[in-house]
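Engineer: Letter by letter, the chains look like this.
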Amino acid sequence: MNNSYSPTSSRPFRLALIGNPNSGKSSVFNRLTGLQQKVGNFPGVTVDKKIGSYELPGGEKINLIDFPGAYSFYPTAQDEKIVVQTLANPLDENYPDAILYVADFTRLEKHLLLFTQIRDLGLPAILGLNMADMAEERGREVDTALLSKKIGAPVVVLSSHSGEGFQELEQYIHQVTNQKSVNAPSSFYRPNNTEKQIAEALSDAFPTNTVYQNILLAHHYQWLPFLSKDDRQLIAEVTKKHDFKTLRHQVQETMARFDKFEPVAKATIKETATDSPGFTEKVDRILTHKVFGPLIFLLLMFFVFQAIYAWAGYPMDGIEWIFGQLNEMVKAVLPAGWVTDLLTDGILAGLGGVVIFIPQIAILFFLINLLEEVGYMARAAYMFDSLMHFFGLNGRSLVALISSGACAIPAIMSTRTIANWKERLITILVAPFISCSARLPVYVVLIGFVVPAGNGDGFFNRQGLAFMGLYFLGIIAALGTALFFKYILKTEERSTLMLELPEYRRPLFRNVSLNVWDKVRSFVIEAGKVILVISIILWALASYGPAEKMAAAEAQTTAIATAQNLDAQAKDNLEASLRLEASYAGQMGKYIEPVIRPLGFDWKMGVAIICSFAAREVFVGTMATIYSVGSADDDDQTGIIERLTNERNPVTGERVYNTATSASLLIFYVFAMMCMSTLAVVKRETKSWKWPIFQFFLMTGIAYLASFAVYQWLA
Amino acid sequence: MTAILSSPIVQPNAYLLQPGEEGTIVGFSSQELAANLMAMGVLPGSKIRYIRRAPFAGAFYLAIDHHFLALRKTEFEAIVIRK
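Protein sequences, first through last, are from chains A and B.
As numbered in this note's numbering, residues 1 to 715 make up the first sequence, in order.
As numbered in this note's numbering, residues 1001 to 1083 make up the second sequence, in order.
Nothing false has been slipped in among the hints.
Subject to a maximum C-alpha distance of 27 Å in a straight line, what follows is the list of computed DSS-like cross-link-like pairs (lysine-lysine):
| no. | chain 1 | residue 1 | chain 2 | residue 2 |
| --- | --- | --- | --- | --- |
| 1 | B | Lys1073 | A | Lys486 |
| 2 | A | Lys266 | B | Lys1047 |
| 3 | B | Lys1083 | A | Lys290 |
| 4 | B | Lys1073 | A | Lys422 |
| 5 | A | Lys490 | B | Lys1073 |
| 6 | A | Lys266 | B | Lys1083 |
| 7 | B | Lys1047 | A | Lys270 |
If you want the footprint, here are the derived chain B segments under chain A, 3+ residues with CB under 8 Å:
| no. | segment |
| --- | --- |
| 8 | 1033-1041 |
| 9 | 1045-1056 |
| 10 | 1064-1071 |
Think of the hints as simulated: they come from the structure by calculation, not from any bench.
Remember, predicted model here, so these are calculated numbers, not experimental data.
For every residue, glycine included, the Cβ atom is placed at its ideal position computed from N, Cα and C.
In isolation and in its complexed conformation, chain A is listed as follows (with noise of 0.2 Å):
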């Protein structure tokens, strides 16, 4: 077969890590790889494909491929049909060489199912036992020589935290990687006559290698994406004519699969057992109480947007002042001209709007991954799960809603973990409701002008609680909508809710920082790119404009200034502000005014809301270009709210950004659908434009009517 691996091959040799969910094959990956990382997809879905490169001691390079986690070869959700649809297709891009196959040490009578059945497929494999410093906790000890003698395949006790096991790990890869070692595997399962007559009967028409590979396709065939619609009427036949009952054979494969290798699991294994209550069923005892429980999660909520108000400011004032200093330099390096312009008005702030909102952006990452990584969303998702179902999701909808609150992008994918489609596409439609990282800025800005700092007569951030209320409203609109959706679309559909409660663990530093830092990273690159260019671009539209207009701003200018009598400094300012009204810019932001003046907002607002659509992180990006641009004097070094403070009606001389309109404005960003990259997702997610189009219009609409009310009350 041309696609099976050589030492004298081109490609790299393809090491897939396989486990059950919890197992902690990411911490595996994470402690053989570092940042050695990419993340791609799987072909036709946005499941996270992790590809490692990983060089053994002796130089070879190994890619490392991460599945998702996964318990058995008969999936129930999207992201772990991925397993089954790569192993069973040898032709598969991601079809591996061997199998790095990670179970939890401290459950393996229950994590070998899934291995069992890859030893089916006559893949080279390797058996982690994970979590070694847990198990040793409990008195747990496995003799390795016999589980391996029984499996057939090494076996390697393994501890992420403390690096045990890995240097014979990595023997092991070696081993594999010459296959040296391509133990023949010990099946767990015999297959019954008619599975075996099936899979005679579909063998020469498929490239499968093995008789299990085919026995999947029978099971699987409905859906698996490399088959044709051919394929799929030839397997349909054959099930047809052996009367095969995919759901009797699975759960007899199933039974017959666990009746083998859990006697060989406490054979291997010894424990002094324990029948005092653990660790995890103690502190569950408080942190899931029917009371203390929710309670505990609220406040935990609550320290972490404190938290991200209260550690922020600092990193941000350093941000701030260091784009000062490089607005200063550039301004005191190149001569007066667009291009410095250009520079300094355009780039820099643009670039500025991006890299201020990191520190939050990482402390959110930062505290929702570890109360991931610890164990304790699960636990979330549990208590919620039937507040969750009233308003028709899932309890695990409760992690996406709240990785929302980080960016919807990632929340949306993660939904693949909800098996009930109804389910999964509401919490699709309503977690872009959360408000996300890239309103961040946008509150952070407006909050101010409606809000007064301090601590008022209160213990907490005034400014703090306001934000808090922000996300509230956001919360409130999700569920509100989800609701109504729950009414709305129907399905046939059995909804389910089988959570594992995982013990709790120490966090691994590695694991959180790593997945802030891929976090961090992508925020970066991919607002920045969109950013950068559209700063670039708004640079330009509010610089130039229709000649005659810009000529008619400048003889106005003139005619006022020796009206009034002004002197050079107020002559200058007062022509860059005319002068962005002329400009393109200003010309777009006028022509959509007549729509928005009701919510309170003027040409200016305008266009940063034109180019918010793109991605909301771009408002004060533009905010900053809009009004660094029209403002005259180039030593002003001071931030952007000021320079909204300082803001007037030209006419009336009244603050622009007043209660009323900074509120609705405000109103506005929490509900409205401003992100591109958003609606992208949800169309590759749903596999269809009419869902996001949708959502488009339903959270638009909300935001208009929302903010035309709130500024209609406040003015």
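For chain A, the structure is supplied; the task is to place chain B on it using the hints.
Structural biologist: Just chain B, lined up with the frame of chain A:
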């Protein structure tokens, strides 16, 4: 093998357990749920202990042998046990 699918009328299902009580799983009353539960290690012969219920009449916090799992009422009821 089909013996694992028993009628809940004949034998008690896990829902009859009181918090803190333990039973032994003998089978399931739904083939579809049986397949999924078994993949997660809920097997005939396993010990099942009902620990607590989530707030708002929610999910069930269970110990299956020594491991913890949350199930909704439907799944919980599908497990046939012997006390």
